Structures are given as structure tokens and as C-alpha cells.
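Model the full structure from these sequences, guided by the hints.
The chain contents come next:
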Amino acid sequence: MSVGTERSLGVYVYGVVPGDVELPEDASGVGAKPGEVEIVRHGEIAALTSEVPLDRPLGTPDDLYRHQSLLDATVAEVPVLPLRFGAVLTSTEAVVDELLAPHGEEFLAGLKELEGRVQYVVKGRYVEQAVLREVLEEVPEAARLREEIRDMDEDLARDVRIRLGELVGNAIAAKREADTRALLEAVAPVSLLRNVREPSHELDAVHLAFLVARDRQADLEQVAGEFADRWAGRVEFRLLGPMAAYDFIVSRKDGG
Amino acid sequence: MTVQPATGGMAGGPSPSGLADVIDTILDKGLVIDAYVRVSLIGIEILTIDARIVIAGVDTYLRFAEAVNRLDLSETKEPGLPEMVQSTKQGKVGGKSKDVVQGVLEAAGEKLHGFTDRTDERQETRRRRGKEH
Chain A
1 MSVGTERSLG
11 VYVYGVVPGD
21 VELPEDASGV
31 GAKPGEVEIV
41 RHGEIAALTS
51 EVPLDRPLGT
61 PDDLYRHQSL
71 LDATVAEVPV
81 LPLRFGAVLT
91 STEAVVDELL
101 APHGEEFLAG
111 LKELEGRVQY
121 VVKGRYVEQA
131 VLREVLEEVP
141 EAARLREEIR
151 DMDEDLARDV
161 RIRLGELVGN
171 AIAAKREADT
181 RALLEAVAPV
191 SLLRNVREPS
201 HELDAVHLAF
211 LVARDRQADL
221 EQVAGEFADR
231 WAGRVEFRLL
241 GPMAAYDFIV
251 SRKDGG
Chain B
1 MTVQPATGGM
11 AGGPSPSGLA
21 DVIDTILDKG
31 LVIDAYVRVS
41 LIGIEILTID
51 ARIVIAGVDT
61 YLRFAEAVNR
71 LDLSETKEPG
81 LPEMVQSTKQ
91 GKVGGKSKDV
101 VQGVLEAAGE
111 KLHGFTDRTD
121 ERQETRRRRG
131 KEH
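Chains as they are written, first to last, in my numbering: chain A, 1 to 256; chain B, 1 to 133.
Take these hints with a grain of salt, some might be off.
[Claimed, not checked] Some chain A residues judged to face chain B by a derived CB distance under 7 angstroms, without partners named: (1) Pro57; (2) Arg84; (3) Val88; (4) Val96; (5) Glu98; (6) His103; (7) Ala130; (8) Glu202; (9) Asp247.
[As the list claims (entries may be wrong)] Residues of chain A placed beyond 12 angstroms of chain B at every Cβ, according to the derived structure: (10) Arg41; (11) Gly43; (12) Glu93; (13) Arg194.
If you're looking for bench data, these hints aren't it; they were derived computationally from the structure. Small disclaimer: the values here were computed from a predicted structure and weren't measured. Here a beta-carbon is modelled for each residue, glycine too, at the ideal position from N, C-alpha and C.
Take a look at the structure:
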């Protein structure tokens, strides 16, 4: 038996799940030629994996969608410890020997903690015109600078523009903070954990993740719906989930 | 208990995830394999698509100023930063995840070229303005 020194296939790992997991029906792997999704078991836990060719980079939109949709379909049935996109090991044996076996207790404890819990993400983005009108009404200096610029030569106005833009940016940041606080307070009673995410866009109003018990999902959706109504016309509001608890899993400290 | 239909695109419950949403979640969050595995880890190349916008800085400020200036002044056609204006518009239709996906896909496809082109254009604009003095 000979083993080549050059590997052409690796084992992509999606996440860690309880050993009695069943695959979702339409499971599809990442990669240009998606490998079959497999369950690699070790005792009470298992890893969701598929083979990937190593000669091509990963990360096409399809790859990203498949990674998340496999984990989110799985979390509908059992708890899931999601791995960050892009984890590839040399072989199925390595998945057992280096991932599952040595860290089994830690993973099992994490899975128990996540039992019956799912994540939601709320994304709200200010409607530009609406939020700018609010700012001009609330910040007299911004309204004044806007008038000032109108009569100025464009080149000369650059510094004033920057000052105006900074005022607007600060005002939007303050609104983001206030709106985030309001939503956090409202969601606190129906959620277990909350994570304030970095804004991913300059017009972001709220960007939050919540860990919710399954029996409170309807409550969470109701609160989110109330905010979508309250902010109608000024914030485009979206609720994403339920999904795996990506935001609430912290890797162990790299102890060496 | 029901979710009230809302104008924000929330009617009937959660929205589908767009590509930008997926990126925010699975590229940044979750367990980091390096923290658990060393020997058998394969560092495969990952195409990264960064859909995020830097949210504080001169470019942002100029964009905000431009947007404020445009308010109620639809006929004003200021030169400069047209791509930026466009990307803001794309962001605005974010309630429909399809549009977001489209926008991000385009952005990803044009990432390298688009980025250098934009830089050149901006420099050109500045130079042109400089000459007018």
C-alpha cells in the first residue's frame, strides 16, 4: 500500500453535533464538485464533514451558503457547534484523533448548554433620506453648514463638507447607539444572551444577535415585529433565523 | 401569538438570509479550528468577500455631506464619487435580500478591478480640480 505525499483531497469540517444526529435531506457540501456530507462519529459527539479538493480556493457564494444552510438545517433538530468557514483537515481519522477525541468533553458540554436554544440576528439599516432629515432637524449646526456649503465654491467647501459629514456621522452613530439600546432592552426579557455586532454599513441602525430558548421564539419574533412597525419608514428591519449559535460560541484560549 | 405584518420587510416572520448576511456570520463567528487542531490542519486558500464598509473616515464624511446636500435638491448633479452614491443606493434596497445578494455578488466579482479603478478615478478628480485653481 502506498500513500502519496501530495494530497489532492481534504476533509472540510462544518461543525460539531451530538452523535445521534441525522443529516438534513438536501445536504450538500462545499467545493466546486460538492462532496457528500458525512457524519464522523466519536462517542457521544460527531462532526459534519465532506471531502474537498485542495487545488481550488473555497469561498464562492455557493460555498458560503452551503456551509451555513447545512448548519442551520441541522440546528432545527439538534444543537450545533458551528465552525468558522474554511476548516479543512487532512483526513477523517484526523477529525476523530485531533478534533473530536481530545476535545470531546468540552464539545459535549457546549452542546448540552445549547440544547433547546437557537440564535437570531436582527439587522436594521437606516433609510438614508429619513435619517438625514432627522439629523438636520436635531443638529442645528449640520443644517447651518448645509446652507453654508450651497453658496461656496466646491473646492473651498471641502473642509466644510468634511465637517458636515463628520457631524452627520456622529449623529447617526449616536442614533445607532440609542436604537440598539432600546432594542436590547426590549429583547432582554425574551432572550438568554445578546451580542452587539459591529456595524457592517455606515447606515446600520442595529446589528444584534440573540440566543433564544426555543419556547420563546414566538415572543422574540413578536418583539422584533413591534420594532419593525415602530421604525417603519426610517429603518429597514430584518430578522434572520433561527440559526446555529455562531455568535455565542467562544473558542478555548490558545494555551499551546 | 402572531407577528404583525410590517412595512420593513418583516411580514410573516424572519427574512431569508442574503449573501452579505451569511458573510457577516460564518466568516467572523463560530469556533476557530486552529484553537483545536494543529498537526492535521490544511491551510486552504479562502476567497474572502468583504462586504463591509469602513464607517468612519473622510470618505464617509464626504459621502454623508453629499447625501445631505442632495436632500430636496434632486436636480443638483454634483460631480465626484458617483460609485459611492451608487453603492449607497444599493444598500438602501436592502430590505429585499435578492438585491443585496446581487449587489454583493457584483462587488465581489469586481473587487480587485473595481477597487483600483475607483482609486484612480478619485485621484483624477482631485487632480482635475487642482488644475482649476
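Verification of the supplied hints:
For Pro57/A, the suggested interface contact is upheld, since its CB lies about 4 angstroms from the closest CB of chain B, less than 7 angstroms. Here the hint on Arg84/A is kept, as its CB sits about 4 angstroms from the closest CB of chain B, short of 7 angstroms. About 4 angstroms separates the beta-carbon of Val88/A from the nearest beta-carbon of chain B, less than 7 angstroms, and the hint is met. A cut of 7 angstroms between beta carbons decides the hint on Val96/A: the least distance to chain B is about 10 angstroms, and the hint is violated.
Interface hint at Glu98/A: satisfied, since its Cβ lies 5 angstroms from the closest Cβ of chain B, which is below the 7 angstroms cut-off. With 7 angstroms as the threshold, the beta carbon of His103/A comes within range of chain B, its nearest partner Cβ sitting at about 5 angstroms, so the hint holds. The beta carbon of Ala130/A is not positioned within 7 angstroms of any beta carbon in chain B (closest approach about 10 angstroms), and the interface hint is therefore violated. At about 4 angstroms, the closest approach between the beta carbon of Glu202/A and any beta carbon in chain B falls short of 7 angstroms, and the interface hint on this residue holds.
Hint on Asp247/A holds. Least Cβ distance to chain B is approximately 5 angstroms, under the 7 angstroms limit. Distance to chain B confirms Arg41/A as a non-interface residue, since its nearest Cβ pair spans about 17 angstroms, more than 12 angstroms. The claim that Gly43/A is not at the interface with chain B holds, since no C-beta of that chain comes within 12 angstroms of its own (minimum 16 angstroms). Under the 12 angstroms C-beta cut-off, the non-interface status given to Glu93/A relative to chain B is violated; the minimum distance is some 8 angstroms.
Consistency note on Arg194/A: stated as away from chain B, and its beta-carbon is indeed over 12 angstroms from all of that chain's, at 14 angstroms minimum.
Of the numbered hints listed earlier, those contradicted by the structure are 4, 7, 12.
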